[in-house]
Amino acid sequence: MDITIESLVFLIFGALTLGAGVLVVTSRNLFHSGLYLMMSLFGVAGLFVLLAAPLLAGFQVVVYIGAIAILIIVAIMLTPGLTQIKTLFNEQWMVNLAAAVIVFLVLVSVITPLMDDVGVDNWNADFTEDHPKAVAADSMTTLGEQLVDPDYFMLPFEVASVLLMAAMIGAVLLVNPGQAEDESVVPPEGEEV
Amino acid sequence: MFEAPSIGDLNIAATLPATLLALGACIFLLVDLFVPKDRKYITALLAAAGLLTSLVLALLSLMNIIEFGSGETAFAGLYIADQFTDVVNVVVLFTGLMGVLVAYNYLDRIGKQRGEYYYLLLFTTVGVMFMGSAGDLVTVFVALELLSIPLYILSGFRWPQEQSEESALKYFILGAFSSGFLVYGIAMIYGATGTTEFRGIWLAVDEIIAQDLSSKYLLLLGAGLTLVGLGFKVAAVPFHMWTPDVYQGAPTSVVAYMSVAAKVGGFAALVRVFASGMSNFVLDGATAAAWQDTMWLIAALTMILGNLVAIVQTDLKRLFAYSSIAHAGYILTAVAAAGSAAVTNEAAQAVAIYLAAYAFTNIGVFAVIISVEKDDSSNTGLDSLRGMSRTQPLLAASMTLFMFSLTGIPLTAGFVGKWFVFKSAIAADLFPVAVIGVLTSLVSAYYYLRIVWLMYFEEGEPQVYIPWPLASAISLAVVGTLLLGIFPYLLQEMAQDIVLAFGR
Amino acid sequence: MVPLWMYLVVAAALFCVGMFGVLSRRNAIAILMSIELMLNAVNINLVAFWRYQAPERLNGQAFAAFVFAVAAAETAVGLALIISLYRRRKSVVADDANLMKW
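Protein chains in written order, with numbering that gives the first Met the number 0: chain R, 0 to 192; chain S, 0 to 503; chain V, 0 to 101.
Just so you know, the hints here were simulated from the structure itself, not pulled from any lab data.
Computed from a predicted model, the values in this text were never measured in an experiment.
Glycine included, each C-beta is placed from N, C-alpha and C at the ideal position.
Please note that the accuracy of each hint is not assured.
[Stated by the list, open to error] With beta-carbon atoms standing in for the labels, derived distance ranges: (1) S/D205 - R/Q91: 42 to 48 Å; (2) R/N28 - V/R88: 16 to 22 Å; (3) S/S471 - R/A66: 42 to 48 Å; (4) R/G65 - S/Q491: 51 to 57 Å; (5) R/G143 - S/A285: 39 to 45 Å; (6) S/Y488 - R/V73: 58 to 64 Å.
[Claimed, not checked] Selected chain S positions facing chain R (Cβ under 7 Å, derived; list incomplete): (7) A21; (8) F74; (9) L77; (10) Y78; (11) F129; (12) A142; (13) L145; (14) I152; (15) L220.
This is chain R alone, in the form it adopts within the complex:
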């Protein structure tokens, strides 16, 4: 691989994604973790742009960073006293680290040609593909149409809408501010004991 602009950009965004990802997991300050999460998500958005998926990159910034990560940060701020954590990890963290490294090696052994040198016979010509087919220029429009096109993804789209509604109801139900009063004013029946 020659060092081109593209590969440089890839390295920058890849490093941003991974570096910030590691910091999310290792930060003592939860609030910092949240900010690192945003950085990591931003790195992923950059990778999407490189992969010719600008619409998803936009989604990533607007939905993931703009809504999900912000929601998490708001939740962190709603739970004060937790931002500085004394013990970061639980006791088995070293075992877990080993497990994560092993999983990583397994994944890498399947997806990279590097392992060919080690003697694992799974070189896949596809993975070294440097010049994939061009993406149709109107892929952004097509994606938008296919998501609501009955011949493509309308069914999961509708199921996802029901899912989001169920999640919203559940979230409202669980943090309903009225619930505390509910409990005190109307004691549950049959709890005479």
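Starting from the known structure of chain R, fit chains S and V onto it as the hints suggest.
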């Protein structure tokens, strides 16, 4: 430009039972806003009516009296309306109906009579139905989440009780973690085959095997990770750790429903993804699909661990959590058998039969536990059943029947289920697993029959609370268990048209 | 162009970082953030596979869009559970919730 297709092409009618229920749930949600707090039986009735309507429609479709729509697929192949779909629909809709019956008075007793319970339950049911009928990995994934997310909330429905909230959080974290694995696996399968449709995957797998492409490793990895993700949902060892704690902490009425519904959804997806999409994934020289060995190993472990750990349990909810793990092992045996090409359909039929038998019995068991449970969710120990035959002969007899069925004693539904499962395992040359299955069934007899012993031969004054909805749920379960046990023909007839494999 | 496997390695690494976080962090919100990392790893995979293996159909991108929707739903419910537990316990340390008691 985008053009609206004519409705006829979509074959929406084929999805009628599922879409009707989804629509119903959305409408009840609005209606519930106008139902006063002390009249929540209206919402419960509406939910029951909705489930019943869909159940009748699904039954009609199952018995081939009415065929909704034309052909087996709808929404351009994303929905498969075959016999397997019908069986899954019937089982889960019945479970949902029972779930409403056992929940109504229980919610009153714990002071949580809220409309949300019923429509979240309907949403879960819709999720299971779309999972069982998925023709595409996208649908599997989204439907799985529709199945899981309301269940997380329902597990925590007993706030502010800590146990319930903790079980919800635990279920949520492990559930979300496992869906991460599932979706990573799906991404790998997509990478190997270039498609997410089962038919496309099937064709691509054929090509990968024929040309011995190296993307078979990618496919293997994808299959493994998918198995991890779905294994969590069905509580297969070693991904079972959440089960006992969640079952113990969650409201019992929720456990009654989810111990069946989550399994039905998970196994339906396993059958669709593995037995249907990747049944032809046979690596060089092997006689069965590449995933079969792993699957039967997990099945064997699940049966052994579930049954052995259940022996030492003293809490009914924990005991039946381990029992449900053990039963997941039996069903997995059949899924493993589906890896042998000649047995695929037979094994899928066995899965459907076992799920139907298990649904009747297991809901019945939890209905009995609800009847002895105190309002503060205590008294679910084994002792609570002591001497039940004297004060409550009918309830004790029902529980005995359920225990016989779970053990697999002839003339009960459980026996029929096990018979077909082990038959398919033997047909697939999986003798060791079948032997382990029979042996662990013998072990399970110890703890199941100990409950019968407690009820009949020990002294005690159990306090029970059985309002009519609960009583009718238990009666339905008894009738179902007996009916399916005495006339296995019914189940066989129902399942025999299940044909899964593509291209054969 | 950058070869496909490089994207896949980044995704695999991110997935494993997230996995380690879920297994090891004691704070429930931190666990939730780790789950987000895992889902993002999946999205990188999906889009990379789409770009290099099958750019003529949009399945991969559409799937990634559904992962967004699911991630949003999971986060909403997860945070609701965490906050409602926090209100009563003043703690969202997962160990305290006996969460990792296998």
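Violating hint indices (sorted, rising):
No numbers; nothing is violated.
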